Every structure is written in C-alpha cells, then in structure tokens.
Amino acid sequence: GQQLNQSPQSMFIQEGEDVSMNCTSSSIFNTWLWYKQDPGEGPVLLIALYKAGELTSNGRLTAQFGITRKDSFLNISASIPSDVGIYFCAGLSGGSYIPTFGRGTSLIVHP
Amino acid sequence: DAGITQSPRHKVTETGTPVTLRCHQTENHRYMYWYRQDPGHGLRLIHYSYGVKDTDKGEVSDGYSVSRSKTEDFLLTLESATSSQTSVYFCATRHLEETQYFGPGTRLLVL
Chain A
1 GQQLNQSPQS MFIQEGEDVS MNCTSSSIFN TWLWYKQDPG EGPVLLIALY KAGELTSNGR
61 LTAQFGITRK DSFLNISASI PSDVGIYFCA GLSGGSYIPT FGRGTSLIVH P
Chain B
1 DAGITQSPRH KVTETGTPVT LRCHQTENHR YMYWYRQDPG HGLRLIHYSY GVKDTDKGEV
61 SDGYSVSRSK TEDFLLTLES ATSSQTSVYF CATRHLEETQ YFGPGTRLLV L
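Heads up: the sequence lines are chains A and B, in that order.
Just so we're aligned: the first sequence equals residues 1 to 111 in the working numbering.
Just so we're aligned: the second sequence equals residues 1 to 111 in the working numbering.
Wrong hints could be hidden among the right ones.
[Stated by the list, open to error] Label pairs and their calculated CB-CB ranges: (1) Ser7(B) / Asp18(A): 33 to 43 Å; (2) Ser10(A) / His95(B): 30 to 40 Å; (3) His95(B) / Lys51(A): 13 to 23 Å; (4) Thr15(B) / Leu55(A): 47 to 57 Å.
[Unchecked claim] A short list of chain A residues far from chain B (calculated; beta carbon distances all over 10 Å): (5) Gly16; (6) Val19; (7) Ser20; (8) Thr24; (9) Ser57; (10) Arg69; (11) Asp71; (12) Val84.
To be clear, the hints were calculated from the coordinates, so they are not data collected in a lab.
All figures in this text were calculated on a predicted structure; none of them were measured in a lab.
Ideal Cβ placement from N, Cα and C applies to all residues, glycine included.
The task is simple: from the sequences and hints, build the whole structure.
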C-alpha cells in the first residue's frame, strides 16, 4: 500500500522560531492536506493543496504541494505557545475515497 | 467544520461487552469514516462508508462492524470489546472532492 513518511517525528523549539516539517510519499497524490490536533481534540484542517507547485498560506502557516506530487511541506513562522500540538499530513489520490495519513509531527514550543 | 458530533465522548467498559459509538453529521456529506488513534500508530482506518448502506473495511477492521442506515449517522460497534480496543476513536466526513473533516473523538477504555 501507499506509504507516507512524515518528519520530523517531534520538534522542541523556542517561541519565535520558525518551524518546517514535510511529508514524502512513494506514490503520487492529487491533494495534500495538513491538519493540527490539539490535545484531547480531533484534527482540524489547516491547509488544503490541490495542484502541483501550489503554495498556500493561512496566517503564519505556509504549505507547498511538491512539483513531483510526492511530497508536501508545512512551515510555521514566528511560533507561539498555542502552536503546540500534533501536525498531520494526508494525501489523496485521484478517485480515492481514503486519505493516507502521516504519523504526525509533535510540536512543543517553549515560551 | 462539518457539524460532526460523536457520542459518547468518553466510555469505560468491560472486556466482552458490546459497545456502540455514534457519529452524527449535519452537512449531508456522502463519505463517513471511523479511525482509531493510538500512540505510535497515528490514525488508522477501521471502516468507511460511501453512501447509505454502503460500507467497506479499512486496515484495522477486525473486531469492528459498522452500519449506516441514514446519511447523517454512522455507527461503529465493537461486538465483544477487548483491551486492545482501548483507544481514541474519531469519526470523519467528506463530501465529493472536498477535504475531510474530523469529529471531536470518543475515548474508550476497555478494562
């Protein structure tokens, strides 16, 4: 089956630092999704990407759909304590009902 | 936000008892999913539905069954709960080519 590798697995950073995480796949996707999960809550969609090369921002978050369609990146600028959580990527193939999820990046921000 | 509610939000039960978790959505989304989330495993798909009375198995379906008699409701049943089914269960919905949305989760403890 499809494999999605998400890295890093965890990050410990100081408030104000920029963060970068990525997902790579062995297969091509038509859609990339990035989610954030706060402790005790369900994942919440942050950014959706639908086109190779697409760069999309949502406030301090920027995500890119890789040109090869096998990878995606999420950057967070000027991190703040409320950025703490687990960030998941997910990929969708054309015609598929089922997203493939990465295992998540756990982000801890020290004030 | 796809108007997804899950009930119960927390449940403690004993090994061998049947358990049913309910997912309810208000947005008339076609696709519905049940995931479990465990440390080190990320989100794993249990079952999904692509329409009323149309369901299929995911990667970890053993010991679980589902039913969807109405568009808005997707039930997950553990026929005879085991300790290995202690987990956090998330329902998700998706409509056509749009992105996937998650419910708030149900924490299940099987003693």
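Hints versus structure:
1. Ser7(B) / Asp18(A): 33 to 43 Å: Taking Cβ atoms as reference, Ser7(B) and Asp18(A) lie about 40 Å apart, which means the hint holds.
2. Ser10(A) / His95(B): 30 to 40 Å: holds, 33 Å
3. His95(B) / Lys51(A): 13 to 23 Å: 20 Å Cβ-Cβ, so the 13 to 23 Å window holds.
4. Thr15(B) / Leu55(A): 47 to 57 Å: With Cβ atoms ~50 Å apart, the hint holds.
5. Gly16: With a cut-off of 10 Å, Gly16(A) remains clear of chain B, as the shortest Cβ separation is near 29 Å.
6. Val19: holds, 19 Å
7. Ser20: holds, 20 Å
8. Thr24: Holds, since 15 Å exceeds 10 Å.
9. Ser57: With a cut-off of 10 Å, Ser57(A) remains clear of chain B, as the shortest Cβ separation is near 17 Å.
10. Arg69: holds, 16 Å
11. Asp71: holds, 18 Å
12. Val84: Consistent with the label, Val84(A) stays out of reach of chain B, its closest Cβ about 17 Å off (over 10 Å).
When each numbered hint is compared with the structure, no violation occurs for any of them.
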